[in-house]
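*Asks:* So the chains spell out like this:
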Amino acid sequence: MSLSIFPDGVENPANLARITDAARLLGAECSSSIDGRLIAIENSTGAAEIYGRSPLRERATIAVGNERRGLSRRTLASADETLEIPTQSRTVTTLNVAAAAAVAGWYVLRGSGRQAQVSRPELRRPFFLLVGRHHVEVGSSLRSAAAFGFHDVLLDDRGAGWFEGSAAERREARAAARRHKNPPHVHRASADDLERFEEVVVVLPSGSADALQHERLTRGRHQVVVVGMGSTDLDRIAHARVRLVTLDLKPSDDPPLRLVASIVLAEIARQVGRRRRVPGRPAAPVPRYEAAVRLTATGDVLFVDPSRLLDY
Amino acid sequence: MTKSLRTDPRRIRAIRRATFPVVRMRSPRAGRYHPASAAEVREALRRFGEDSYYGLKAVELIPAPNVSDRLPLGQLIEPGRIVLYDQPMPPWRLGFDLSSDERSRLGAAGATTDGAGTVAWPGLTLRRFMLAYVLAHELGHHMLQHERRLRGEAAARTRDHEARAEAIARRLRARLD
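Same order as they appear, the protein sequences are chains A and B. At position 135 of the first sequence (counting the first as 1) the number is 135 in my numbering, and the numbers step up by one without a gap. At position 95 of the second sequence (counting the first as 1) the number is 95 in my numbering, and the numbers step up by one without a gap.
These are computed hints drawn from the structure, not numbers from a lab. Being a predicted model, the structure only gives us computed values, none of them experimental. Note that beta-carbon positions come from the ideal geometry of N, C-alpha and C, so glycine has one too. Each hint should be verified, as a subset may be incorrect.
[Stated by the list, open to error] Chain B regions said to be covered by chain A (calculated; three or more residues, Cβ under 8 Å):
#: 1; segment: 24-34
#: 2; segment: 66-75
#: 3; segment: 127-141
#: 4; segment: 164-174
Chain A extracted, bound-state conformation:
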């Protein structure tokens, strides 16, 4: 079993570098060729969800596409299967390409259960605390949070400049977060705020701890999931309510926050689930806007189309 990541026409060198990081963290390789089964990652019609798959048992390549255009038609046509990462936002419907590669690679390698379907998913959604040190990584993680349906995100800004950085930093961070259409509220927070929660789940990129997918992340407002926290903070907050879980990625000195955060957010979204359709309730009608000449005497006069009259 081996996995490759094939960036198909990715333009931004920074994204390419993060895709290489994602491959390294997953124990895969970043390749310019296709090796084994080709799995296209694209939100296209007929694509299957990334959730609910069995673990990878053969050689495979996952292909991620250009930032704007997505995968090329040629790659899509030659794919053995097409998978999509389900998003829950009306406005932010895509992830950063490197984040998408990390999420896709993580789920393809490990497999997972299906996404839950519940009546009120919002009651199950935990708080999410992001500890960030780089503005673009924080922005890109906030984009993922919006895409996975978060309305509030706690941010421990440790030099990322989201709140008080230079104008250039804030502009870049907000562009990465797609802030113009990204509705979640970003609240200033710190490790001290963790005292307010009954259960604190600290996610480590690697190391020995329980696996993230085995941890229940659906305890709603009583639970907070923390990403990006260093070992020094762990010593400060270590107490009975803190649970450590790991993504089981390959060890790395400084794994990019957007990759780690996006995987965690995807797993929260899978466990929290989406709203179950109420049986018998019809889908909302598609909006239609008609231009017509209104006839005033409809009650008194029957309008007959000439063709119907001719038929008669």
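With chain A's structure known, arrange chain B on it following the hints.
*Replies:* Positioned in the frame of chain A, the structure of chain B alone reads:
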């Protein structure tokens, strides 16, 4: 990354991304016709510009549904499909008078109406009405919906939607003249 390609104004994004929609025509019913042909619709879309048809998938000229309370002219069916209905050969003999609002709307497009419910379309005015008023108005609805990126929901209350679509249609009409 100081500026995202997704944050550009619609006009600039449209030039980069828009693909020309499919324009197809189905035969009209007996006694009716399509005042504007598929080629004329394509030409009108080109003159309206990329920002008008960005996100639009198809414009279809099809037979009108059989309804007795109105004369259907066109419709936007989300997402990205506009239909223009075939029309009776002019003059339209409705048998009763139209409301003053309808009379003034048709009159602005070049139609002449009388008190007996006859609507005459001299020359090519009906073709222009279908392109510059009906198609442009539906494109206005499309631009509002597409810019909000909503799936299956209205971007505004119907009354506001109609008013904003008509404001966009006025701008598009100016490009056609």
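*Asks:* Holds or violated: the segment 24-34 of chain B covered by chain A, criterion of 3 or more residues with Cβ-Cβ distance under 8 Å?
*Replies:* Coverage by chain A holds here, the residue count being 4 at a Cβ distance below 8 Å.
*Asks:* Under 8 Å between beta-carbons, do enough residues of the segment 164-174 of chain B, three at least, approach chain A for the coverage claim to hold?
*Replies:* violated (count 1)
*Asks:* Examine the segment 127-141 of chain B for residues whose CB is less than 8 Å from any CB of chain A, and state whether their number is three or more.
*Replies:* holds (count 5)
*Asks:* Three or more residues of the segment 66-75 of chain B near chain A by CB distance under 8 Å?
*Replies:* Since 9 is at least three, the answer is holds.
Comparing the model with each numbered hint stated earlier shows that hint 4 is the single one that does not hold.
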